[in-house]
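J.: Residue-level listing of the chains:
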Amino acid sequence: MSTVVKKQVAVKVDGKDITAPEGTVILDVAKRNNIPVTNLCSHRNLKPFAACRTCMVEVNVNGKKELVYSCTHPIEEGMEIRTNTEETNRYNGACLEMLLVEHPLDCPICDKSGVCPLQDNTEELGIYNNRFEINRRNEPSIKSNPLIEFYLNRCIMCGMCVRVCDEIQGVQALDFHNRGMKVGIGTANDEPLDCEFCGQCITVCPTGALMDMSSEARGLAALFTNNESTCNYCSWGCTVDIQTKKGKATRIEPIDDENVGINNGNLCAKGRFGHHIIHNQDRIQTPLMNVGGSFKEVTWDEAYNAIAERLKAAINRGGPETVAGIASEKSTNEENYLFQKLFRGVLGSNQITNLQHLRAPHVNRFMLGCFQNGMTSKPIQELEEADVVLIFNSDLPSEFPVAGNAIRKAAINFQADIMIANPRNLVFDHESRNETRLTFQHGSDQAVANRLAKILIDNQLVDLDKAKGAVSNFDDYVSSLENYNADFAETATGIDDETFTKAATRLARNADRFFLIGNDVLENEDGEDVLNALLNLGTLLHSGGEGSVNIYPPREHCNSQGVNDMGCAPEYLPGYKCAKDSKALAALAETWGIDALNFDGQDKASDLFENCKNGSINFLYIAGEDPLHSYYKGAQVREALKTTPFLVVQDVFMTQTCEVADVVLPAASWAEKDGTYTNMSRHVQRVKRAILPEGESKPDFDIFCELAEALGSPFQNDSLEDVQREIENVAPIYKGLLPGEECRQWTPESSSEKPKFVIGGEFKKMAAKKEYPLSVIANNHMFHIGSYTRHSKVLNTLAPDCKAGMNPADAKRLEIKTGDKVVVESKNHKFELLVEVTPVAAKGTVHIPKNWTEIPVNMLRNGEEGLTSIKVSKAE
Amino acid sequence: MFAFSETSEKEIEKQLVKYPPERKKSAILALLRIAQQQNGYVSAEAMEEIGRRLDLSPAYVESVCSFYTMYYTRPVGKYVIMFCINVSCHLLDCDNLLEHTAKKLNIQVGETTADKMFTLLREECLAECSRAPVMRINNDYHVNLTPQKIDQILDSLK
Ligand code: SF4
Ligand code: SF4
Ligand code: SF4
Ligand code: FES
Numbered sequence: 013m014s015t016v017v018k019k020q021v022a023v024k025v026d027g028k029d030i031t032a033p034e035g036t037v038i039l040d041v042a043k044r045n046n047i048p049v050t051n052l053c054s055h056r057n058l059k060p061f062a063a064c065r066t067c068m069v070e071v072n073v074n075g076k077k078e079l080v081y082s083c084t085h086p087i088e089e090g091m092e093i094r095t096n097t098e099e100t101n102r103y104n105g106a107c108l109e110m111l112l113v114e115h116p117l118d119c120p121i122c123d124k125s126g127v128c129p130l131q132d133n134t135e136e137l138g139i140y141n142n143r144f145e146i147n148r149r150n151e152p153s154i155k156s157n158p159l160i161e162f163y164l165n166r167c168i169m170c171g172m173c174v175r176v177c178d179e180i181q182g183v184q185a186l187d188f189h190n191r192g193m194k195v196g197i198g199t200a201n202d203e204p205l206d207c208e209f210c211g212q213c214i215t216v217c218p219t220g221a222l223m224d225m226s227s228e229a230r231g232l233a234a235l236f237t238n239n240e241s242t243c244n245y246c247s248w249g250c251t252v253d254i255q256t257k258k259g260k261a262t263r264i265e266p267i268d269d270e271n272v273g274i275n276n277g278n279l280c281a282k283g284r285f286g287h288h289i290i291h292n293q294d295r296i297q298t299p300l301m302n303v304g305g306s307f308k309e310v311t312w313d314e315a316y317n318a319i320a321e322r323l324k325a326a327i328n329r330g331g332p333e334t335v336a337g338i339a340s341e342k343s344t345n346e347e348n349y350l351f352q353k354l355f356r357g358v359l360g361s362n363q364i365t366n367l368q369h370l371r372a373p374h375v376n377r378f379m380l381g382c383f384q385n386g387m388t389s390k391p392i393q394e395l396e397e398a399d400v401v402l403i404f405n406s407d408l409p410s411e412f413p414v415a416g417n418a419i420r421k422a423a424i425n426f427q428a429d430i431m432i433a434n435p436r437n438l439v440f441d442h443e444s445r446n447e448t449r450l451t452f453q454h455g456s457d458q459a460v461a462n463r464l465a466k467i468l469i470d471n472q473l474v475d476l477d478k479a480k481g482a483v484s485n486f487d488d489y490v491s492s493l494e495n496y497n498a499d500f501a502e503t504a505t506g507i508d509d510e511t512f513t514k515a516a517t518r519l520a521r522n523a524d525r526f527f528l529i530g531n532d533v534l535e536n537e538d539g540e541d542v543l544n545a546l547l548n549l550g551t552l553l554h555s556g557g558e559g560s561v562n563i564y565p566p567r568e569h570c571n572s573q574g575v576n577d578m579g580c581a582p583e584y585l586p587g588y589k590c591a592k593d594s595k596a597l598a599a600l601a602e603t604w605g606i607d608a609l610n611f612d613g614q615d616k617a618s619d620l621f622e623n624c625k626n627g628s629i630n631f632l633y634i635a636g637e638d639p640l641h642s643y644y645k646g647a648q649v650r651e652a653l654k655t656t657p658f659l660v661v662q663d664v665f666m667t668q669t670c671e672v673a674d675v676v677l678p679a680a681s682w683a684e685k686d687g688t689y690t691n692m693s694r695h696v697q698r699v700k701r702a703i704l705p706e707g708e709s710k711p712d713f714d715i716f717c718e719l720a721e722a723l724g725s726p727f728q729n730d731s732l733e734d735v736q737r738e739i740e741n742v743a744p745i746y747k748g749l750l751p752g753e754e755c756r757q758w759t760p761e762s763s764s765e766k767p768k769f770v771i772g773g774e775f776k777k778m779a780a781k782k783e784y785p786l787s788v789i790a791n792n793h794m795f796h797i798g799s800y801t802r803h804s805k806v807l808n809t810l811a812p813d814c815k816a817g818m819n820p821a822d823a824k825r826l827e828i829k830t831g832d833k834v835v836v837e838s839k840n841h842k843f844e845l846l847v848e849v850t851p852v853a854a855k856g857t858v859h860i861p862k863n864w865t866e867i868p869v870n871m872l873r874n875g876e877e878g879l880t881s882i883k884v885s886k887a888e
Numbered sequence: 197m198f199a200f201s202e203t204s205e206k207e208i209e210k211q212l213v214k215y216p217p218e219r220k221k222s223a224i225l226a227l228l229r230i231a232q233q234q235n236g237y238v239s240a241e242a243m244e245e246i247g248r249r250l251d252l253s254p255a256y257v258e259s260v261c262s263f264y265t266m267y268y269t270r271p272v273g274k275y276v277i278m279f280c281i282n283v284s285c286h287l288l289d290c291d292n293l294l295e296h297t298a299k300k301l302n303i304q305v306g307e308t309t310a311d312k313m314f315t316l317l318r319e320e321c322l323a324e325c326s327r328a329p330v331m332r333i334n335n336d337y338h339v340n341l342t343p344q345k346i347d348q349i350l351d352s353l354k
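Residue numbers (our numbering), protein chains in the order written: chain W, 13 to 888; chain A, 197 to 354.
For reference, chain W alone in the conformation it holds in the complex (with noise of 0.2 angstroms):
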């Protein structure tokens, strides 16, 4: 909720009193209460507009009637309104008769047919006879980009799609085309559609005009089986539905209802058009076995057995602690509950951990140090209401597309402060007039927070008594600051101290914050001082300051959030426990029924590729990641597995990862599963099963149970319901909140210690090497994440090559035009790549998308933290 408060407004509808906010237009009013009146160019979440005239109510206002268009009137105090009158009827059904004179009745073969407002309207007001002449169009459908097709034949201008693109969307790659009887919906020059693919325009067209291409099978809506998920890719979370026909999964919509989930009906480029990785020619069928270099198909059991063998051996002959575990960002919660329990439970090792976690461990404690300082967050939805929103390094238009949205409204609705801080000059359009750019150079990240933090001391822009009553080490912290004035941080950032002081004084005033930290703070090996600053500037702000910090910790992938919720780290166990807790342990044993949890304290998994390395871990089990493509350090990856005795690999697709294991294991996609993942705000939410599995691929949850039962020691609990049971027992942050229909928030248990500023490390300016005068800027494509999607063929056609963005001054520099072949090295490693000259690209920086196999940006770092140098030099 936004600190501007609304005064709340009293009125009748059809006799039913009702109060909402001053401002609400009739319309909104009436949907939210379930009271229907026709309508077909109004949304909830775009600007009033009345294209189609079939909204009319009838308002009474101190006994005197007039009849309104619902969708742009706002409600009055006392304002006594009637909906469907017989002269509200005759006149929206007027209108809707001349937008059917053009209509063409071709309902049998449209999309949108069963959930088509056109219909459900027409039905409402029952015309069944048209009385104009019929003129329906009949232009040929265009198909000119890959996946939205056009057939304006239906269209019937209520100017829908090209509201959410620009409103929402920030992206205006639609509009209308002349106007009277030759208006039109299009692009500019009517050139193919070449926009951010967000589908957004689909979704709230009441036609079928624009429909969904990226699926063979087509036809009447009504058809399709709904069955609604959470979406599989980024951390935000978007709730899905994946809709079915005769069993394969065919296409993705959003649900588009603002009480569903937290995406408010929007979706990304991936979430809606990226699900050919279900379906795919790609996807492991059976599980393989490694013999003499070649793989070969073997059986479940043949499989099971093997690594039952050889887990029994290497815990033989080196004990529990030598066999490790990497559970996967993008398995469900209950799929890494019971893989860190075979660990623990079944074979005694604590070794267990995730990618992010072993990358950025201080992630998990920067979230816990929020929560510590009194700052839970409030559930991500109201990012909608808020008053200020800092972006902090995080490359929002591919990374959290669907915060954009929420954003983009809140900026329309509130005229939120919008603060981008990155080192590159990102395009995000919004319709707010307060936006800051605290544009930085590469690695300065600190330095911009801790800034911000003492201009907010220095000219006590909050209440210094207040802060320093509630955080007991407020003193230190100002001490650690003195640094930071105005002229060493402009040296660091670049940013100038004007721009500084107006972000503080916005950031200061009495608002509704949300701080959105991308993971490209964490690139970088001061990852986690700029963790701290941040906490630290929201403490500040929490302690000292009106209305409300809310502060994510930044996550990549669907589970990013719960697979460490589930304990899949070494220092946790599942909802934050000490793993070294004696009495968690012996609870977590009494829950498991086993004798006792002991773990020798060795922790090989902090340091895992390290310790695989020289030798200390027998048995890797790799369940759902590919490290050799996706971990940060590349060569090392490489040099640790190829030392590992023996390699489980557990993928829905053979990554590189598996093509270096000795046993790899089919798993289903996250179609195929049932279940819940958490996301980067801690909302809990339902995974639900809408087909098969594809081949003999299992549910990780299935290959766990079985593998525990081949080792002997059957799980007690191996149903899903069972497990989560199991799950908000012994995690009590989860308690009510599975299955995840309802897509709760879970919040922390109150903590007992005092909050505190996190003092840690100077700020050291990173400079690149004289001769690697560049530093990379590695992240997720806008249309890809991860590699998955590097199989999705409609994703693989909107972004085929990976494009290395150059600053325009470098390119000048080096004599590189956009189309250019580069040759990019560092010290260890070097590729080709094509080059893209734009000005988004930060200056001495190239930015190099991760998602391409091919173009192995991880393997440009080796060993060395910090800044990734390189040189960029034309390819011969």
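Hints were generated in silico from the structure; no laboratory data involved.
Please note: incorrect hints may appear among the correct ones.
[As the list claims (entries may be wrong)] Below, in silico cross-link-like pairs of lysine-lysine (DSBU-like), each with a Cα-Cα straight-line distance of 35 angstroms or less:
1) Lys59(W) with Lys274(A)
2) Lys18(W) with Lys354(A)
3) Lys19(W) with Lys43(W)
[Unchecked claim] Computed footprint of chain A on chain W; a stretch qualifies when at least three of its residues, placed anywhere within it, have a C-beta under 8 angstroms from a C-beta of chain A:
4) 180-189
5) 366-373
[What the hints assert, rightly or not] Just a sample of chain W residues kept apart from chain A, beta carbon distances all over 10 angstroms, derived:
6) Ala32
7) Lys43
8) Ala318
Think of the CB as a built atom: it goes at the ideal place given N, C-alpha and C, for glycine as much as any other residue.
Given the structure of chain W, go ahead and fit chain A with the ligands onto it with the hints provided.
T.: Okay, now just chain A with the ligands, sitting in the frame of chain W:
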């Protein structure tokens, strides 16, 4: 490629100062006019350039440009004939007059003569009902039209 000329740039500058920077999109009609003055019509490239200046997408610029019939999105002849076809003119037989004109120029309505002299367009309401039927050629009005009068006018322009 489209580029504004020096004269156009000067005029754009004059237009832009009229609006607060965050509302510069209000200058869109002026910029479209300047582009048309310079090149005789507003090309897709010109729309793109205007979009760049005003932070608007080319699709948005085109929607505004194509809404108004007096912006031309294709090259036009030296003389643009806008023929009013609204009620008053219609009652006074503009349909036949328009056809007469088209025949005389040997083109269809909407086309430009091969010698690039004339473009013939329909126009909704030229706000001159009292002297209907009316056509406008570039900035001049020609009123109380008859076939003979049209012939004379066109001949005088050749
Ligand atoms: S897919 Fe999204 S960006 Fe593209 S035209 Fe539709 S709304 Fe606009
Ligand atoms: S294409 Fe659909 S959303 Fe767009 S104007 Fe036409 S009917 Fe409305
Ligand atoms: S924003 Fe993330 S969760 Fe939402 S649809 Fe896109 S990839 Fe999926
Ligand atoms: S919904 Fe009100 S005019 Fe279309």
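J.: Please settle this one: Ala32(W) was flagged as non-interface, so is its CB more than 10 angstroms from every CB on chain A?
T.: holds, 31 angstroms
J.: Check the hint pairing Lys19(W) with Lys43(W) against an upper bound of 35 angstroms on the C-alpha distance.
T.: The hint holds at about 20 angstroms.
J.: Does the structure keep Lys59(W) and Lys274(A) at a Cα separation of 35 angstroms or less?
T.: violated, 43 angstroms
J.: Holds or violated: is the Cβ of Lys43(W) farther than 10 angstroms from all Cβ atoms of chain A?
T.: holds, 28 angstroms
J.: At a Cβ distance under 8 angstroms, does chain A reach at least three residues of the segment 180-189 of chain W?
T.: Check passed, 7 qualifying residues.
J.: How does the coverage statement for the segment 366-373 of chain W fare against chain A, requiring three or more residues with Cβ below 8 angstroms from a Cβ of that chain?
T.: Answer violated; 0 residues pass the 8 angstroms Cβ test.
J.: Has the given pair, Lys18(W) with Lys354(A), been kept, meaning a C-alpha gap of at most 35 angstroms?
T.: Answer violated: Lys18(W) to Lys354(A) is near 68 angstroms, above 35 angstroms.
J.: Was Ala318(W) rightly flagged as not at the interface, with every chain A Cβ beyond 10 angstroms?
T.: holds, 58 angstroms
When the structure is compared with the earlier hints, violations turn up for hints 1, 2 and 5 and for no others.
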